[in-house]
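Participant: Residue strings, one per chain:
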Amino acid sequence: MKKIFSYFFIFLYCSNLYSVNDNLILAESFPEKLSEFEFFLDDSAQLPNEKVIPYELISTLFSDYSYKQRWVYVPGNKKAKYVENWVFDFPTGSALIKTFYYPVDERAPELGKQLLETRLLLRKESGWEAVSYAWNEEQNEAYKKIAGKTINAEWTDFMGEEKTVRYRVPNVNQCKECHDADDKISPIGPKARNINKKFDFKDGEFNQLVYWMNREIIDDYPMDLISPVDWTDETKDINDRVRSYLDVNCGHCHSPTGNANSTGLYLHLNETRDINLGIFKKPVATGRGSGGYKYSIVPGKPEESILLYRMESMDPGVMMPESGRALTHKEAVEMVRDWIYGL
Amino acid sequence: MKKFNIFCISIISVLLLNINAKEVFIEPGPNEHERLQEAMILLQEGDILTIKSGYYSFEDGLSLDVSKVTVRGEGMDKTILDFKNQKSGAQGLLVTSNQVILENFSIMDAKGDALKVIGSKGISMLNLKTEWTGGPKSTNGAYGFYPVESEDVLIDGCVAIGASDAGIYVGQSKNIIVRNSVAQYNVAGIEIENSYYADVYDNLASHNTAGILVFDLPDLPQQGGHHIRVFDNQAIDNDTDNFAPEGNIVGEVPRGTGIIVMANSDVEIFNNVMSGNGTVNLSIVSYSDETDDKNYYPHPKKIQVHNNTYGPSGFDPDLETGDLAKALYEISAGDMPDIFWDGVVPLSQMILGQPKEERLVLNEEDTTSFLTISPIKYMLGFSSPIRTDIKEFEGKITPLESISIKTF
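Those protein sequences? They're chains A and B, same order as listed.
Using our numbering, the first residue of the first sequence is number 1, and each one after it goes up by one.
Using our numbering, the first residue of the second sequence is number 1001, and each one after it goes up by one.
Chain A on its own, in the form it takes in the complex (with noise of 0.2 Å):
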């Protein structure tokens, strides 16, 4: 008998090894640590369990310069529904995972990295919920960070430069102001349109909507579809680019759906009508935000332009986004800078 539970208990312990905790993720609270779901392997390493999919997006958020790691998991023999000009329609169960941190130095991958924090969105019976877990001085474990937390960090860019930020883990009302759609939470990043793009998996270099489909973790994608361009990819056209930036950058709170639509300025891809994209757009309740300038878009003047006086502000009563950034995106600003001047 006591032979019987010793097995019992290996097998628990080994099933436990393989498998994510599909409960937890179900689960009414979150808890205190991320490793109590079984995204990983090992935490620290950030190396995923097998049903744990790494994937990228075409164009990302910029996040002070950090760097994301980004994980699909959908449980058992489900898959997620393809949804035009939206996220696929992930099933109960689903877990959505992005890890922040900052390699210690950029031109030393080998010299590791700093991991700031994991976020989560977790696909409950209710709708998606959203939190964070931030990792700890050690490196070994990620706790829940129920109100966000304070880390100030610093990495060595790529011209060698010692760089520091007032990095900020979101709190949960924080997740929810970005990830908001007509007052539900819902995932940005994975549109089938943004992760049409090539990965190397440990298995090979794919497609990611193939790579999905023969895991079968989505039912469909289209053959024709239009991809936003790498908004980094300087052979690409200017305004394919800033469009991309914009809708990956702005387009979740500015749009008719999301939290920012009472100001009538829509950055999404789908925006078409020149007023509502910001050009020759007056502000409404901008206050100081307008920076005493008239028009969000003054075409040929980016100098007059408020939208790029309010990407290039570090003043949180000005900048935008208005959280998830403490730095100024250099390399975006110049490029929407030639733009607006362009147009």
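It should be emphasised that the hints constitute simulated quantities derived from the structure, not laboratory data.
This one's a predicted model, so the numbers in the text were calculated from it and none came from an experiment.
Check the hints yourself; a few may be wrong.
[Stated by the list, open to error] Covered by chain A, according to a simulated footprint, are these stretches of chain B (three or more residues, beta-carbon under 8 Å):
#1 1086-1093
#2 1112-1119
#3 1144-1155
Backbone N, C-alpha and C fix where the C-beta goes; we use that ideal spot for every residue, glycine too.
Since the structure of chain A is already known, use the hints to place chain B on it.
Facilitator: The following block gives chain B in isolation, referenced to the frame of chain A:
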């Protein structure tokens, strides 16, 4: 019997509420931001969060997203939430949930807006204060109280000082009461913008650039502002230079304006005291900038003004800000009226006249001075395009219904 049943049910639900509800207390001290923010996140329906009296200094904004809760301090001069060291967050406090009561605390020196409420169904702000303590400056945040896209909004007994746009601003909302409140040293004291069904009464708006604004703007999800009653207020001594950052519509408002109605319909303004406003006591105007928005109606209509008291005005017109004061000064040859209507109507109405039910009605004492322009005469170069006889605008007052809001 039915009434009795309802009574019983409400007693029972109150009891149930009390059984589940808990009260949470926060005191000043180490990690006060994290403790308060965490408490706000962990609140559950029916809970009351009390922020004990004291001085709290925060580096990050706060937010509340739980419905049916009360967050209260121990008095607007006792529980002080100070944001002058704020490093992140576009406002002091952001509320995004329904049936929320906020009362008895102060928000000081927020970097952006002090208290912003987005998309709330049921928000009561009672005895709160928002202030920028360095006096009127263009670096102050835009709004003190800033409910937007909300319904059943109550602002009662509040104080708003120093906002670089509006002290109390209600935008794109429905069912609104602003009462018993004080707005001073803001650009606009109280502003109701692109909103439906509002009662603004028993307020004091003084030492702002302009006292009370009822505005409607184009290119927004909700426009066509209407059914606004402004009564029993004091819009007096609004004498602060306009300090709004340029680009904002209130930046055009001249110092010394009591009440302005722009591009709204069904507005009733009565029993107010307007006095000591150096440019003009009451101004009724169209939206004058170009717009391609076909759904937007830029002219005021069905405006009724009656039984107000007018004290001195026009003695110090602000000819530096915007075009309004300058134009009025020229047209009136320096004899500024108590009430000004720009007279702008759609072209067809300039020729055929306004429909009777849309006309401006002014039932005021004979001593009230008034001026309006006939734009057609003005454009055709008539020597006297102005009309100043207030008697021409007398008419029957059709009172607007008072606003009732759901309170919780």
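Participant: For every hint, state whether the structure bears it out.
Facilitator: Evaluated hints:
1. 1086-1093: holds (count 5)
2. 1112-1119: Answer holds; 4 residues pass the 8 Å Cβ test.
3. 1144-1155: holds (count 3)
Hint violations for this structure: none, all hints satisfied.
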